[in-house]
Amino acid sequence: MGDLTEPFQFEFFVRGMVAATLVGVLCGAVGVYVVLRSLAYIGHGLAHSIFGGAVVSFVSGISFYIGATLWGVFTVLLINAAARRRQIGGDAAIGIITTCAFALGVALISRHGQFTRDFDAALFGEILGITSGDLAVIGGVLALAAAVVFAFWKQLLFTTFDSDVAGTYGVPVPWVEALFSLVLAATVIASLQVLGATLIAAALVIPPVTARLLTDSFTRMFTMAAVLGGASGLVGVYVSWFVDVSSGATVVLLQGALFVVALAWAVARSRWPGTGSGERLAAIEGATLD
Amino acid sequence: MVELAPSAPGHRPPPHPDGEPLVQLRSLSTGYERTPVLRDVDFTLRRGEFAGVVGPSGSGKTTLLRAIAGQTRRFAGSVETHPRPGERALRLGYVPQVEAINWNFPLTVGQAVLLGRWREMGWRPWPRRHDRELLANILERLGIGHLADRQIRALSGGQQQRTFLARALIGDPDLLLLDEPTSGVDIKTRHEIMHLLGELNRAGTTILMSTHDLNAVATHLPRLVCVGEGELVADGAPEDVLTPEVLRRTYGADMLVLRRGDAIYVVEHLDDAMTGEGDSEETPVPTTPVGG
Ligand SMILES: Nc1ncnc2c1ncn2[C@@H]1O[C@H](COP(=O)(O)OP(=O)(O)OP(=O)(O)O)[C@@H](O)[C@H]1O
Ligand SMILES: [Mg+2]
Numbered sequence: 001m002g003d004l005t006e007p008f009q010f011e012f013f014v015r016g017m018v019a020a021t022l023v024g025v026l027c028g029a030v031g032v033y034v035v036l037r038s039l040a041y042i043g044h045g046l047a048h049s050i051f052g053g054a055v056v057s058f059v060s061g062i063s064f065y066i067g068a069t070l071w072g073v074f075t076v077l078l079i080n081a082a083a084r085r086r087q088i089g090g091d092a093a094i095g096i097i098t099t100c101a102f103a104l105g106v107a108l109i110s111r112h113g114q115f116t117r118d119f120d121a122a123l124f125g126e127i128l129g130i131t132s133g134d135l136a137v138i139g140g141v142l143a144l145a146a147a148v149v150f151a152f153w154k155q156l157l158f159t160t161f162d163s164d165v166a167g168t169y170g171v172p173v174p175w176v177e178a179l180f181s182l183v184l185a186a187t188v189i190a191s192l193q194v195l196g197a198t199l200i201a202a203a204l205v206i207p208p209v210t211a212r213l214l215t216d217s218f219t220r221m222f223t224m225a226a227v228l229g230g231a232s233g234l235v236g237v238y239v240s241w242f243v244d245v246s247s248g249a250t251v252v253l254l255q256g257a258l259f260v261v262a263l264a265w266a267v268a269r270s271r272w273p274g275t276g277s278g279e280r281l282a283a284i285e286g287a288t289l290d
Numbered sequence: 001m002v003e004l005a006p007s008a009p010g011h012r013p014p015p016h017p018d019g020e021p022l023v024q025l026r027s028l029s030t031g032y033e034r035t036p037v038l039r040d041v042d043f044t045l046r047r048g049e050f051a052g053v054v055g056p057s058g059s060g061k062t063t064l065l066r067a068i069a070g071q072t073r074r075f076a077g078s079v080e081t082h083p084r085p086g087e088r089a090l091r092l093g094y095v096p097q098v099e100a101i102n103w104n105f106p107l108t109v110g111q112a113v114l115l116g117r118w119r120e121m122g123w124r125p126w127p128r129r130h131d132r133e134l135l136a137n138i139l140e141r142l143g144i145g146h147l148a149d150r151q152i153r154a155l156s157g158g159q160q161q162r163t164f165l166a167r168a169l170i171g172d173p174d175l176l177l178l179d180e181p182t183s184g185v186d187i188k189t190r191h192e193i194m195h196l197l198g199e200l201n202r203a204g205t206t207i208l209m210s211t212h213d214l215n216a217v218a219t220h221l222p223r224l225v226c227v228g229e230g231e232l233v234a235d236g237a238p239e240d241v242l243t244p245e246v247l248r249r250t251y252g253a254d255m256l257v258l259r260r261g262d263a264i265y266v267v268e269h270l271d272d273a274m275t276g277e278g279d280s281e282e283t284p285v286p287t288t289p290v291g292g
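Which chain is which? The protein sequence lines are P and U, in order. 1 is the number of the first residue of the first sequence in the numbering used here; add one for each residue after it. 1 is the number of the first residue of the second sequence in the numbering used here; add one for each residue after it.
Read the hints as simulated data drawn from the structure, not as lab findings. For each residue, glycine too, the CB sits at the ideal point set by N, CA and C. Hints are not guaranteed to be accurate.
Claimed, not checked - Derived Cβ-Cβ restraints for the label pairs, each shown as a range:
no.: 1; chain 1: U; residue 1: 123; chain 2: P; residue 2: 227; range: 20 to 30 Å
no.: 2; chain 1: P; residue 1: 140; chain 2: U; residue 2: 88; range: 46 to 56 Å
no.: 3; chain 1: U; residue 1: 57; chain 2: P; residue 2: 217; range: 29 to 39 Å
no.: 4; chain 1: U; residue 1: 80; chain 2: P; residue 2: 61; range: 53 to 63 Å
Start from the sequences and build out the full structure, keeping to the hints where you can.
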């Protein structure tokens with residue numbers, strides 16, 4: 001039995017596990033709004049764009065968080081402006097901005113070969129390299145997101161459900177959207193070390209979609225997505241120690257497995273009419289899975 | 001402006017009750033982003049009115065309702081509202097077109113309705129006892145009390161309309177704006193919804209609704225506004241407004257208007273063979289008046 005508790009004697013492991021759990025909760029909860037507004041591609045794009053910003057700040061000697069934050073805020077404002085123009089071009093503009101930023105990051109990496117290890121972390125996540133400073137940032141962003149969600153629960157829900165009508169009921173929609181974009185950017189920045197740019201979108205999308213399969217209530221979907229995200233973070237990192245697979249990938253694969261189980265359950269249940277599972281299956285078809 | 005047909009003696013309330021103005025649009029041009037959809041609109045709605053908006057698809061009915069709610073881009077003119085004393089904005093109860101609602105959203109009837117009270121609920125994410133009582137009351141009043149925990153897709157068309165009517169009513173609105181509240185429901189449900197709206201109006205609620213249903217809905221309202229190609233073509237009592245001339249300018253198609261006593265019937269699909277113009281006093285009228 002000693003084997004099973006072996007990783008806990010290493011402080012860096014415990015730190016990584018706590019970080020992955022918090023990031024799982026954070027991405028699961030924030031992802032609910034991302035999925036319900038069909039903005040998965042924005043989460044994906046934002047992660048790639050912020051990766052570029054991170055590399056630029058690293059190469060130019062600025063702190064990762066300061067560089068990533070400045071770049072993240074800039075990208076979010078740009079994406080918001082692009083998305084508000086509903087004509088053709090909005091999606092394309094976002095795609096161009098984010099992929100160019102990503103390409104810039106990759107270009108800089110290839111010129112500065114010696115940093116490859118750190119950039120590996122930013123691309124695929126490196127949970128065991130989490131410092132207590134990183135942990136503090138993750139905790140801070142989680143607290144920020146929790147405060148925003150608590151204080152603006154109704155405004156966020158109304159805007160997510162129907163932003164056009166929310167305005168007619170006096171919800172300050174542009175402010176709510178801007179605030180949420182900032183929370184999303186902060187979430188991506190805080191998650192970069194843990195999951196890597198390539199896996200963040202998955203952590204934003206899979207737990208909420210899984211939760212949607214299990215319930216028709218917004219409140220329960222939110223709670224379940226946070227719990228599923230946190231649990232897969234915790235268990236994923238623990239398992240990754242033994243199977244010697246990248247921790248970020250293990251977390252996301254675990255989320256994928258949970259999704260498949262929920263899907264199987266929903267499909268089985270949909271054969272019994274009146275359970276609502278058929279509708280839920282139809283509902284998630286709208287969500288984009290990367 | 002509007003060609004006035006001799007008005008039939010009726011028992012409808014007058015089109016302009018002498019309440020004070022609630023909303024005034026003056027020479028308003030409004031729309032989205034670059035293009036105005038409605039041009040040079042002058043329109044006043046008074047407290048206690050019950051008015052309908054008709055016009056073809058894409059003419060700007062929804063845009064008119066959204067303009068009153070201050071949710072469109074203003075290019076020229078003004079929107080003036082008169083909130084109740086001590087309040088900064090008009091309280092609106094907006095019921096969107098069913099096509100505009102995301103029915104897949106994980107929202108129960110109760111959660112959807114409580115959104116209409118988001119401001120009054122204060123800082124808490126969850127409803128207090130008073131909110132829950134109000135919710136139960138309003139659902140009961142609309143006959144959907146047993147459906148509070150149903151997801152919004154798992155409802156009939158009539159129940160869906162009532163859900164969003166409940167969301168509009170729970171905020172104690174000065175003005176109800178309804179976008180095609182009778183589309184996609186059967187005759188009986190339509191009758192029930194119109195009856196309900198009539199009751200609300202008699203109890204003092206000001207209502208503006210759009211509709212595609214000229215005969216079953218529009219002709220029974222006290223006041224009608226016709227929107228055609230981005231302009232208000234006519235505004236007044238149905239018996240004054242519903243003339244072949246106005247309908248042609250609104251819909252761009254020839255229609256026949258049949259009258260008998262107080263009843264008006266618009267023949268919407270006119271065969272080529274039928275070229276009769278205007279009022280025909282002799283023709284039997286196949287219509288059942290609703291409410292009013
Ligand atoms: N969000 C929008 N952005 C840009 N143009 C819009 C938007 N919504 C509507 N329009 C345009 O404004 C015009 C009027 O639309 P509106 O929705 O007001 O018509 P409507 O009379 O309500 O039609 P329907 O009967 O089909 O509901 C249409 O030409 C439409 O294409
Ligand atoms: Mg419309």
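- prompt: Any hints this thing doesn't respect? Which numbers, in order?
  reply: 2
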